[in-house]
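These protein sequence lines are chains G and X, in that order. Be aware that the first sequence starts at 185, since it is given in the numbering used here, and climbs by one per residue. Be aware that the second sequence starts at 47, since it is given in the numbering used here, and climbs by one per residue.
Careful, some of the hints might be misleading.
To be verified - Using C-beta positions, here's what the derived DEER-type ranges look like:
1) G:Asn525 with X:Phe270: 50 to 56 Å
2) X:Asn267 with G:Asp542: 42 to 48 Å
3) X:Asp461 with G:Val232: 20 to 26 Å
4) G:Pro464 with X:Ala138: 38 to 44 Å
5) G:Ala453 with X:Leu328: 53 to 59 Å
6) X:Arg112 with G:Thr549: 30 to 36 Å
7) G:Asn525 with X:Met474: 45 to 51 Å
8) X:Glu416 with G:Thr210: 34 to 40 Å
9) X:Glu416 with G:Asn415: 40 to 46 Å
Unchecked claim - Below, a list of computed lysine-lysine pairs in the DSS-like style, where the Cα atoms sit at most 27 Å apart:
10) X:Lys220 with G:Lys224
11) X:Lys426 with X:Lys548
12) G:Lys447 with G:Lys369
13) G:Lys225 with X:Lys424
14) G:Lys205 with X:Lys463
15) X:Lys220 with X:Lys238
16) G:Lys225 with X:Lys463
17) X:Lys548 with X:Lys424
Simulated from the structure, these hints should not be mistaken for lab results. Glycine included, each C-beta is placed from N, C-alpha and C at the ideal position.
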Amino acid sequence: MLDATMVPSTAQETVPLTKIKSTLMTIWQRLNEARRADGKKELTRSSVMTLVAFAPSAKETAWLHDAIIGLTGQHPSRAIILADGMSGDLATVEIRAHNLDGTGAVGSEIITLPVPEGNRRNLAALVTPLLLTDMPIFVWWSGGLPTRDDTLFSLLEVGDYSIFDSADFDNPSEDLVRLADLMVKRRQRQVTHAAFNDFNWTRIKPWRELTAQCFDPEGRGVFLRSLDRVNIEYAVESGEDACPFQAYLFAGWLASRLGWQQKSTRQRANGRLVSEWTAPRTGQTVIVDIAPRTVEKTSDWRASSSVTLQRMQMDDTAGPVTHDQLSEDSAVSLGAVMRVNLTARMGELTATFDIARDGTSQQATTLAHIGKADPESRHSALDSYGEAALLHQQLTVFNYDHVYEDAVLAARAMVSGQDHGGSGK
Amino acid sequence: MQANVTLDNPLRVGLSEARTVEPCIVVIFGATGDLTQRKLLPALYSLAADQPPLPNNLIIVGVARRPWTTEQFRKYAEDGVKEHARQPYSAALWETFAQRVSYEQVEFGDTEAFERLGARLNAIDAEHGTAGNRIFYLATAPEYYSVIAANLGKANMVERTVSGPSYCRLVVEKPFGRDQASAAELNGELNKVFKEDQIYRIDHYLGKETVQNILVMRFSNTIFEPIWSADHIDHVQITVAESIGVENRGGYYEESGALRDMVQNHMLQLMTLVAMDQPLSLAANDIRQRKVEVLREIGIMSEKDVVNNVVRGQYEAGQVNYQPAIDYRDEQGVSEHSQTETFVALKLAINSQRWAGTPFYLRTGKRLPERVSEIAVKFKRPRFSLFKDLGGDALPSNLLSLRIQPNEGISLRFDVKLPGQTMQLRAMNMDFAYGKFDTTPPEAYERLLLDAMRGDSTLFTRREETEMAWGFVDAIESAWHGGAGANNPLVPYTAGTWGPRKAMELIERDGRSWRRL
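Just chain G, with the same shape it has in the complex (with noise of 0.2 Å):
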């Protein structure tokens, strides 16, 4: 099996913090010495953005270096790592290649700061000198939503793009809050120009295509603007809370894309979220029902990274990971989307579209059941993505997203039940 540390890299060096722009020109040269020497292809120094990662504890500094490792493949670039209560002044640097034997190899850098206990203020001054000139940045956030006036909020002003996961939020229904407030804000210019790009909008992207693609054929549209209840579960262990935030993410897409106001909200008991909306022109009540669902097979959401970057690395030698493979070896994460029910009723005609996953797989049944005609069912996969593939998507990623910010502001009205004033129509 394949890991992180089995691609190609030159020795880290450790390094004062004035010396670390040199010190990479060095080892460039020295690589590059070293291939020519051999008859090996030199290695290209290319990068297409700056990626800042901010790693609260020391766990997840080693954990994020593994997961940038997985990414220079796809994203050549300067990573540089802020290691949050490491101790000292000297940074490590790095040079991780990729497609050695291929045609053009290509590195990346990978810079690792500490960040003493006490030092969080000078988070953007200690950056902006490595900040590759004229390429986009990248700031990659592991942990909640600092807030406005937290130390740490000057870092996010430093990206052109801010990635953070809601998976990670630990008080779900404020760090919504807080994250809807800013993307307002900065609609209206008034803080961070940066976009904002959530792992859990991508996790949720399965359930959004197949929830979209049975609504595509020939006159079904119709069902849409005649939903009057959606149920949503994600899952939980026994006896455990979980971040719903991909349930509340999903419901909000339904709403601001429907162009639904928001009624009132009823938080019961477990977990449970009852909110009740309006649809637009026909003023149909519509009922979202968000409520956990036990499962027996739950993971973090980081368990999942290492089949992703073996996914990401395929060689000759490993073989390309299997469906089969994905789904015998995978837990469901908590908080993932277990099932999406939407019901329809047209006077007499009611339609049901069901989208459940097959056990903890990550496999999907739908049916569709529109009046007495024999339901439609269709068996699909759902993309298992780790966090380095979640990573590479955010990436990719070069502008605002309008519908996951409107989804954001829906589902932001549906906990605290402020009015979303979302776009989606």
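Given the coordinates of chain G, assemble chain X onto it according to the supplied hints.
Structure of chain X alone, referenced to chain G:
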């Protein structure tokens, strides 16, 4: 290259596909053939396993003359998927996919058999909700195209419309005719049953990433289009080289030759994409319009042009990739006195404001040293060379290379100063390889099948293009077999070389040379 229609589905906003594939039945004629097993079924499986997947009610019906059962056909399909599909094989997904696959035995000349097939397709509509949507894929030998189309018509299986509630499309593999007259005749036969907008003529080269990238590179960047003309471009070379011989297709190749097999379709398509003016939009008709203009500007070669500007060759025994290669005339199905060309090189002029004075050199052949397809755009040297005394004039000029296969990618060559105290110049390459994306792009057939299902004909060739390309090729064939033949004889070349010496002379007399690939 947008889909022609977008659905009124607000949930689609922001998702990858502007329009999904509607449920339909894909009927593959020639289902027991090599193309079906190696390309079509693996492509459909990969699309089904992809995100977003094809709808479940996309049904595949294999049709051929062999008395196979559906189970036999599914096994044949499964073997093909395991070996050739881009997406990894999954038993669970295969099970779902296989449920959509069935087989019907049909003699292509038997009208009653088509009526039974039609009834079967109607039953599938009722069972799976495919709503009368059909894609008929002709993967048979070309001599069956007309008869299959005619019988589809007789059996009332074709709704002759492009705007009705259901759709019916015909996908046709090359070769599309063997000259302008036969292509026109075939078009006429097909048009009796299908409207032109219902016909999708496949040239799988157009499904390749780099070929599609020609449009993006030329028209999405500001740095190329201003210099994309005879003012700055010295010449263009297009190479489609194969290292294999005719394999077991000697009989077919004897009738076709390199000119019909490669130049009439792939190479002229590549050339038109490189040479055409910017289309008004990415709509299929706008792009086709520009391509047709280029074909018009090439015109028809006179006998004198053919003698001066076309070289034809045939391989003799040699060695390719360290393996012995036999003489073409010793290949199975090939006449010992064969006059069929296995190599063609030609120099073309495009009579337009943009290209006057900039020749396009095309070469293609079998048993060449490498399997490589490439478009090379060679720029002119600066009019005044500041570095003349430093050897700057001796350096190769700027070159943009679009590599179609293998290792799809783009390379740009430019001059740089060598590091050091003295002013020394060197030409360097800046490479972009699709491999650097570390992802597997879809196979050409996946892209083309998906487009056919969506009703997007941008990457397919239309009647006018096909017939004009045949007109160009016919003039050369006619010259070879007429008075100019003696002055433009077939010349031998050794297998494993880059063609006959005469092909080198064709370009060298202009003070240029073929790229070493």
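Right, here's what the structure says about each hint:
1. G:Asn525 with X:Phe270: 50 to 56 Å: Taking Cβ atoms as reference, Asn525 (chain G) and Phe270 (chain X) lie about 51 Å apart, which means the hint holds.
2. X:Asn267 with G:Asp542: 42 to 48 Å: For Asp542 (chain G) against Asn267 (chain X), whose Cβ atoms are near 45 Å apart, the range 42 to 48 Å holds.
3. X:Asp461 with G:Val232: 20 to 26 Å: Since Asp461 (chain X) and Val232 (chain G) have Cβ atoms about 25 Å apart, the given range 20 to 26 Å holds.
4. G:Pro464 with X:Ala138: 38 to 44 Å: About 40 Å separates the Cβ atoms of Pro464 (chain G) and Ala138 (chain X), which means 38 to 44 Å holds.
5. G:Ala453 with X:Leu328: 53 to 59 Å: Between Ala453 (chain G) and Leu328 (chain X), where Cβ atoms are some 54 Å apart, the hint holds.
6. X:Arg112 with G:Thr549: 30 to 36 Å: holds, 35 Å
7. G:Asn525 with X:Met474: 45 to 51 Å: Hint violated: Cβ distance 60 Å, outside 45 to 51 Å.
8. X:Glu416 with G:Thr210: 34 to 40 Å: Holds, since Glu416 (chain X) and Thr210 (chain G) (Cβ atoms, about 39 Å apart) stay within the stated range.
9. X:Glu416 with G:Asn415: 40 to 46 Å: violated, 59 Å
10. X:Lys220 with G:Lys224: violated, 42 Å
11. X:Lys426 with X:Lys548: This hinted pair holds, its Cα atoms lying about 25 Å apart.
12. G:Lys447 with G:Lys369: Measuring from Cα to Cα gives roughly 24 Å; hence the hint holds.
13. G:Lys225 with X:Lys424: Holds. Lys225 (chain G) to Lys424 (chain X) sits at ~25 Å (cutoff 27 Å).
14. G:Lys205 with X:Lys463: holds, 24 Å
15. X:Lys220 with X:Lys238: holds, 20 Å
16. G:Lys225 with X:Lys463: Within the cut-off at roughly 20 Å; holds.
17. X:Lys548 with X:Lys424: holds, 22 Å
Comparing the model with each earlier hint shows violations of hints 7, 9, 10; every other hint is respected.
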